[in-house]
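Model the placement of chain B on the given structure of chain A, informed by the hints.
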Amino acid sequence: MNVLATLGKYSLATVQEVGKISIFSAKGFMSCFSPPFYFKEIRRHMVVVGFYSLPIVALTALFAGMIIALQTYVGFTRFNAEGAVATVVVICIARELGPVFAGLMVTGRVSSAIAAEIGSMKVSDQIDALTTLGVDPFKFLVAPRMIAGMLMVPFLVLIADIIGVMGGFLISTSVLDFSAGSYINQTVQNLEAIDVISGLVKASFFGFCMSAFGCYHGFYSDVGAKGVGNATTSAVVASCIGVLALDYLLTAVFFGK
Amino acid sequence: MSEIVFNNVKKTFEGRIRVLNGVSLKIEQGESHIILGQSGGGKSVLIKCLLGILDLTEGDITVDGISVKDSRRKKEYMKKFSILFQGNALFDSMTILENVKFAAAQKHKGRKSIINIAKEKLHAVGLNDRVFDLYPAEISGGMQKRAALARAISLEPDVLVFDEPTSGLDPITGGVICNLLKDTVQSLGVTTITITHDLKVAEFLADRVSLLNKGVMVWTGRADDMRDCGNEFVENFYKASNVILRK
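As given, the protein sequences belong to chains A and B, one line each in that order. So the first sequence is numbered by our numbering: it starts at 1 and just counts up by one. So the second sequence is numbered by our numbering: it starts at 1 and just counts up by one.
Bound conformation, chain A alone (with noise of 0.2 Å):
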């Protein structure tokens, strides 16, 4: 008996917690659309999340590009089927590496960064400030940082895409021998649209997905340094678990039968 309750205090705990969670970012989320609007606040973030985690999602783009050219020329050449490396390498990055990996490294950037900045300012009483002078904190605080992360996460894609392809083709024409107008005629012959248009599609729900999860939690972190602290693990672990869902989710919107 003690173990269902124990289990059922659980999973009411948790269908609470989803539900907060939900009506928090659709309040956010709502609040991006309305005025006023804080244009300082949405380039600062904006530049935060868009051009310091350039360096980090280039460098994972680009080693992902290399690995899965490797990958692929080892694995196609049992079926005699090497020919194919331009085209998966392109596909994979463009559908898939592109976007996940772009967003599990901003997320675990600006995610925590997030969660920690608003959970320090919820201790330093910055957030009631905030609503003695008349301001929404979430007008403020939260809608920001959702439409720095939903504009700037899908340009990172985009460099991650480009950038990608790139180590592929460095890979393939330097060590595996292949002639270079071929890949790249390759590549560009067998890239759809659709391709490119899901991964930035992901990669602004993944943009909205990091910031609502670190906003949720540093508005709801507890007082001190440990609340802090355990506010930014929070916020970076629900992040990562939503981004891979959402990818999930989406790939069967836009790929599945």
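Hints are not guaranteed to be accurate.
[Claimed, not checked] So the derived list for chain A, only partly shown, Cβ under 8 Å to chain B, looks like this:
no., residue
1, 125
2, 126
3, 128
4, 129
5, 131
6, 133
7, 135
8, 137
[What the hints assert, rightly or not] Okay, the calculated beta carbon distance ranges per label pair:
no., chain 1, residue 1, chain 2, residue 2, range
9, A, 18, B, 69, 29 to 37 Å
10, B, 172, A, 10, 33 to 41 Å
11, B, 120, A, 23, 39 to 47 Å
12, B, 172, A, 47, 38 to 46 Å
Don't read these hints as lab results, they were simulated from the structure. We treat Cβ as the ideally placed atom computed from N, Cα and C, and that holds for glycine.
This is chain B only, laid out in the frame that chain A set:
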């Protein structure tokens, strides 16, 4: 200037932790009222209830007849207040000037006018142009307190709330800040509520004092009458403040 009425205010957390247990109090227009009490006595919760940051469990608070519970007039209610937080609560991501400009922009229109108002308020609290472009973390606690005061008065409120205005400051800086608060309040002529556990601050700033203990107002009266009021809690408070620590 505003009249504030607390009517049987009760606040309970998580349905069981009762912090305020029926607080009733009337603060007259233009009065400087001190709420004095021990740490954990419910002072900060009372102020958060007054500012509409926390919802009341029971009772009501009205400012010039507008209830804190009246959601249709919430904005009008909130605009009456400005608060100097205990930890200053300056925005870390903004410079000192931007902090004050941000507050001034909630009340005033026009970029140039907002900048001028912000600079004027910063000068009024004794901060010079050299600190305008510094971030809160780059200046001393006393300067942060001045900047937070400049931000609070830039809203030109009807009611100013000071939450432990001298906490965390050395006695000299604390004294300077106290004088600054008194001068500011006198020049603005607004209703002021200060919460503190410091008797010297209370006696210096107050027209009237209320003593809050375990969520209940145990005594309210003129600051001059406090020493001889005959209330046991007040006497204990005075005795405690004169305790000399043993070596």
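- request: Taking the numbered hints from earlier one at a time, note which ones the structure violates and give those numbers from smallest to largest.
  value: Of the numbered hints given earlier, those the structure breaks are 8 and 10, listed in rising order.
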